[in-house]
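The sequence shown begins at 1 in the numbering used here and counts up by one.
Think of the hints as simulated: they come from the structure by calculation, not from any bench. Among these hints, one or two may not hold up.
With a Cα cut of at most 25 Å, we get these calculated DMTMM-like pairs of lysine to aspartate or glutamate [to be verified]:
hint	residue 1	residue 2
1	K18	D76
2	K74	E89
3	K2	D23
4	K35	D23
5	K67	E56
6	K45	D23
7	K45	E89
8	K45	E4
9	K35	E85
10	K67	E42
11	K45	E85
12	K74	D59
Ranges of calculated distance between the beta carbons of each label pair, as one might list FRET restraints [what the hints assert, rightly or not]:
hint	residue 1	residue 2	range
13	D71	F7	29 to 39 Å
14	E42	K2	15 to 25 Å
15	E42	Q66	30 to 40 Å
16	G43	N9	15 to 25 Å
17	K2	P69	34 to 44 Å
18	K2	I70	28 to 38 Å
19	T55	D23	31 to 41 Å
20	S82	Q54	24 to 34 Å
21	G40	I92	28 to 38 Å
Remember, it's a predicted structure, so these values are computed and weren't measured experimentally. We put the CB at the ideal spot given by N, CA and C, even for glycine.
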Amino acid sequence: MKKEPWFYNRAFLIDNAKFIKGDVVDVGCGRAKYKDMILGFEGVKSYTGIDFYQTENVDIIADLNQKIPIDSNKFDTAICISVIEHLLEPQIALSEIHRI
1 MKKEPWFYNR AFLIDNAKFI KGDVVDVGCG RAKYKDMILG FEGVKSYTGI DFYQTENVDI
61 IADLNQKIPI DSNKFDTAIC ISVIEHLLEP QIALSEIHRI
């Protein structure tokens, strides 16, 4: 039986939970399906979701092909799952993720 991609993404996050700490930004969060799980990880203080479209759990609306409207060094951990391959300017997004 084939498993859905979210199953593997969830397993990846759980396996790497020890690295997910402090103020967390989920870049390209969509509907933020991992938000509650991430907030439950030991050492996580906050969760901020960024996406191009406004949904219930999106805190910041941004085009990831451009500068993200957030101060530098604001977050301790950045998560970006299944997003980069959909961008026109992935190098800009990666640079911005590193910056914030």
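Status of the hints after comparison with the structure:
1. K18 to D76: 13 Å, holds
2. K74 to E89: 22 Å, holds
3. K2 to D23: 34 Å, violated
4. K35 to D23: Answer holds: K35 to D23 is near 12 Å, not above 25 Å.
5. K67 to E56: 23 Å, holds
6. K45 to D23: The hint holds at about 5 Å.
7. K45 to E89: Not OK: K45 and E89 at ~30 Å, beyond 25 Å, violated.
8. K45 to E4: Distance ~29 Å between K45 and E4 Cα, so the pair is violated.
9. K35 to E85: This hinted pair holds, its Cα atoms lying about 22 Å apart.
10. K67 to E42: 31 Å, violated
11. K45 to E85: 29 Å, violated
12. K74 to D59: 14 Å, holds
13. D71 to F7: 29 to 39 Å: With a Cβ separation near 35 Å, D71 and F7 satisfy 29 to 39 Å, so the hint holds.
14. E42 to K2: 15 to 25 Å: Since E42 and K2 have Cβ atoms about 32 Å apart, the given range 15 to 25 Å is violated.
15. E42 to Q66: 30 to 40 Å: Once the Cβ atoms are compared, 34 Å apart, the range 30 to 40 Å for Q66 and E42 holds.
16. G43 to N9: 15 to 25 Å: 20 Å, holds
17. K2 to P69: 34 to 44 Å: 39 Å, holds
18. K2 to I70: 28 to 38 Å: Because 37 Å falls inside the window, the suggested range holds.
19. T55 to D23: 31 to 41 Å: 21 Å, violated
20. S82 to Q54: 24 to 34 Å: Once the Cβ atoms are compared, 19 Å apart, the range 24 to 34 Å for Q54 and S82 is violated.
21. G40 to I92: 28 to 38 Å: Holds: the Cβ-Cβ distance is about 32 Å, inside 28 to 38 Å.
Consistency with the previously given hints fails for numbers 3, 7, 8, 10, 11, 14, 19 and 20, ordered from lowest to highest.
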